[in-house]
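*Asks:* Protein chains in written order, with my numbering: chain A, 96 to 403; chain B, 1016 to 1306.
Because the hints were derived from the structure by calculation, they are not lab data. Honestly, I wouldn't trust all of these hints.
Unchecked claim - Simulated pairs of lysine-lysine, BS3-like, Cα-Cα distance not exceeding 30 Å:
hint, chain 1, residue 1, chain 2, residue 2
1, A, K303, B, K1121
2, B, K1259, B, K1239
3, A, K200, B, K1168
4, A, K182, B, K1259
5, B, K1253, B, K1239
6, A, K98, B, K1121
7, A, K98, B, K1301
Unchecked claim - The following residues of chain B were derived to be distant from chain A, with all beta-carbon distances above 10 Å:
hint, residue
8, L1019
9, R1030
10, R1053
11, N1065
12, T1114
13, L1118
14, L1119
15, T1120
16, S1124
17, I1228
To be verified - Looking from chain B toward chain A, a few residues come up when the C-beta cut is under 8 Å (computed):
hint, residue
18, R1116
19, F1123
20, K1259
Just so you know, even glycine gets a beta-carbon here, dropped at the ideal spot from N, CA and C.
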Amino acid sequence: MIKVSNLTKQYKRNTAVSDLSFTVNQGDVYGFLGQNGAGKSTTIRMLLTLITPTSGNIEIFGMNLQENRTDILRQIGAVVEKPDVYKYLSAYENVSLFARMSGIKVSDKLIKNQLEVVGLADRSKDIVTTFSQGMKQRLGIAIALVHNPKLIILDEPTNGLDPQGIADVRNLILSLSNEMGKTVVVSSHLLSEIEQVASRLLIIDKGKKLVEGSTQELLDPAQTMIELDTADNIAALDKLAQSEWATALQPERNGKLLLKMHKNNIPELHKGLVALDIAVISLQPRHSLEDYFLQITTTNQHVPTFAN
Amino acid sequence: MFQLLQIELYKIFRRPRTYISFAAITALIGIIQLGLLRDGTAYVEFMMTNVMQTFSFDGKILNGYLVCYVLLQLLLVHVPLLIALVAADMVSGEANMGTLRLLLTKPFSRTEFLLAKFMASAIYTFLLLVWIAFLALFVSMFMFGTDDMVIQKTNYIVQLPVQDVFWRYTGAFCFAFLAMLTVSALGFFLSLFAENSIGPIVTTMSVIIFFTILSTMSIPLFQKIQPFLFTTHMVNWKEFFDPKVNADNAIIIGSIQKPGRIITSSLVLVAHVVGFVVASIVLFRKKDILS
């Protein structure tokens, strides 16, 4: 569906995106993660032709983006950062206006249905200045979906939403993927939300790819990280390096020992630590996306890319 | 393209700001007309004191045609601000609202997008001038009646027979449209470089004021560049009211003394419009949308 090869965006002295390559398959909910300034928005803007790449190639639907811009954009719905719309128009007028721009035949039923989907049917005639941020976000999603695109790109779609709104967007993304077969690219800083919806993930930092793979692979129980703090970490490291746990040892992080193993092996580790006479202060399994994200973005250690 | 133009016009005429121009024009013209209706005779006598001492006129000097001429002289200096209010907001306003990035993810080219926007601002300019024409010419004709039009030039006076005036106004308004379209194109061009409309509006007006000063000062250095400044040519709508005269110094009906000046000025203004629009397209096609 999307194939990005060696994408680079250079601004005078600053490289926003560097040699980035990734692939989004049809039907994926593709989570796009990175810290502020990591290059997520620049990449998304390049996918939407808002920013011209310095070098590299983008193919969407098997077509070169630069050469087939209009044909490709016709099949994409997007919310880029804030869902800004015309504040002096009503929700209905905004959806209708952007639907016409997308080149589709607009009917009253279509607009009303779309507003119904995002829960704004009862406010369709109200002008947008009276809307909360969450309502604007939902209106932005309605605009992105109104022309029934194959690919939906959502940049921070849960910004400004309350917990119920976040859950609604999560369910909407899941239903777009599971029930309607859409491909969704979603960036968010809410890692727990991405974890719940994404089938595949890309994590970038300082414009470079850190890791790409399926959520299942990245959060594989066999890949559980154990953060270990002992009374004497240097001595503990020596003992572990000479034990059966040597292959599980990872580069230390924040002065703590790190071991990678299947989570089922944790009880055995407990026993092993006692047997090795290591005085344990804390032993913490790290298995959420947030832990994984922090692990690879706060160290310079590059994790090998998982198979697509 | 036509669809985009329709949408742009819809957006322009749904914004309250658009109607400020129409309301301001209505108020200005209305007040001047009421003032002239009440004390117009005294105003004309004051303006033409020297002429009145030499000539005597039959009929109404203060008629709708003269009132329209007075109004145009006053208004065409200020209308550029009202044009800039909309034209300079066309792209910068979208950037300010945050809608530019959403618009440019829609399936049309940036060239189509800009042309639709420029055509919409041109239509707005045209409608504003039609409104000015309606109020300044037709309402004045209704309020003050019609007669021969007497206007005082720098060194002479011109008396245009009543049947020879209306077509001149038609030409003058067409020319004024071209002049205002140039202002619109300038504001439009400047709106590419800003993320709110204040900067382009102020810059448009500053350019016009600066060029107008250069256009009017008789300094040899400035005189060399004056033919290239659009402000030099914007005031040439007045040429429509300067007819040819025959050997007896009588006006030749349907004539213009220096038609070449109108043609040259029109071409210079068209060149400016095309230049600003082409430059806008070239720059905008390469622009990264970071707003």
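*Asks:* Taking the hints in turn, state whether each one holds.
*Replies:* Structure-based check of each hint:
1. Among the hinted pairs, K303(A) with K1121(B) is consistent with the structure: their alpha-carbon atoms are about 28 Å apart, no more than 30 Å.
2. Distance hint between K1259(B) and K1239(B) is fulfilled; the C-alpha atoms sit about 28 Å from each other, no more than 30 Å.
3. At roughly 59 Å between alpha-carbon atoms, K200(A) and K1168(B) are farther apart than 30 Å, so this suggested pair is violated.
4. With a CA separation close to 55 Å, the supplied pair K182(A) and K1259(B) exceeds the 30 Å bound.
5. Between the alpha carbons of K1253(B) and K1239(B) the distance comes to roughly 22 Å, so the proposed pair stays at or under 30 Å and holds.
6. Restraint check for K98(A) and K1121(B): the C-alpha separation of about 21 Å stays at or below 30 Å, so the hint holds.
7. Of the pairs offered as hints, the one joining K98(A) and K1301(B) holds, with about 23 Å between alpha carbons and a cut-off of 30 Å not exceeded.
8. At roughly 7 Å, the least C-beta separation between L1019(B) and chain A is not larger than 10 Å, which violates its mark as non-interface.
9. With 10 Å as the threshold on Cβ separation, the claim that R1030(B) sits away from chain A is violated: the shortest Cβ distance comes to roughly 6 Å.
10. Distance check for R1053(B) against chain A: the nearest CB is about 39 Å away, which clears 10 Å, and the non-interface claim stands.
11. Residue-level check passed: N1065(B) sits 53 Å from the nearest beta carbon of chain A, beyond 10 Å.
12. Some Cβ of chain A comes within 10 Å of the Cβ of T1114(B); the nearest lies about 5 Å off, and the non-interface call is violated.
13. Remark: the non-interface label on L1118(B) conflicts with the geometry, its nearest Cβ contact in chain A lying 7 Å away (cut-off 10 Å).
14. A Cβ of chain A approaches the Cβ of L1119(B) within 10 Å, the least distance being about 6 Å, so the stated non-interface status is violated.
15. Distance to chain A contradicts T1120(B) as a non-interface residue, since its nearest Cβ pair spans about 5 Å, not more than 10 Å.
16. Not every CB of chain A is more than 10 Å from the CB of S1124(B) (nearest about 7 Å), against its label as outside the interface.
17. The claim that I1228(B) lies off the interface holds: its Cβ sits roughly 37 Å from the closest Cβ of chain A, which is beyond the 10 Å cut-off.
18. Here the hint on R1116(B) is kept, as its CB sits about 5 Å from the closest CB of chain A, short of 8 Å.
19. Look at F1123(B): its Cβ gets to within about 7 Å of chain A, closer than 8 Å, so that hint holds up.
20. Hint on K1259(B) is violated. Least Cβ distance to chain A is approximately 52 Å, over the 8 Å limit.
Of the numbered hints listed earlier, those contradicted by the structure are 3, 4, 8, 9, 12, 13, 14, 15, 16 and 20.
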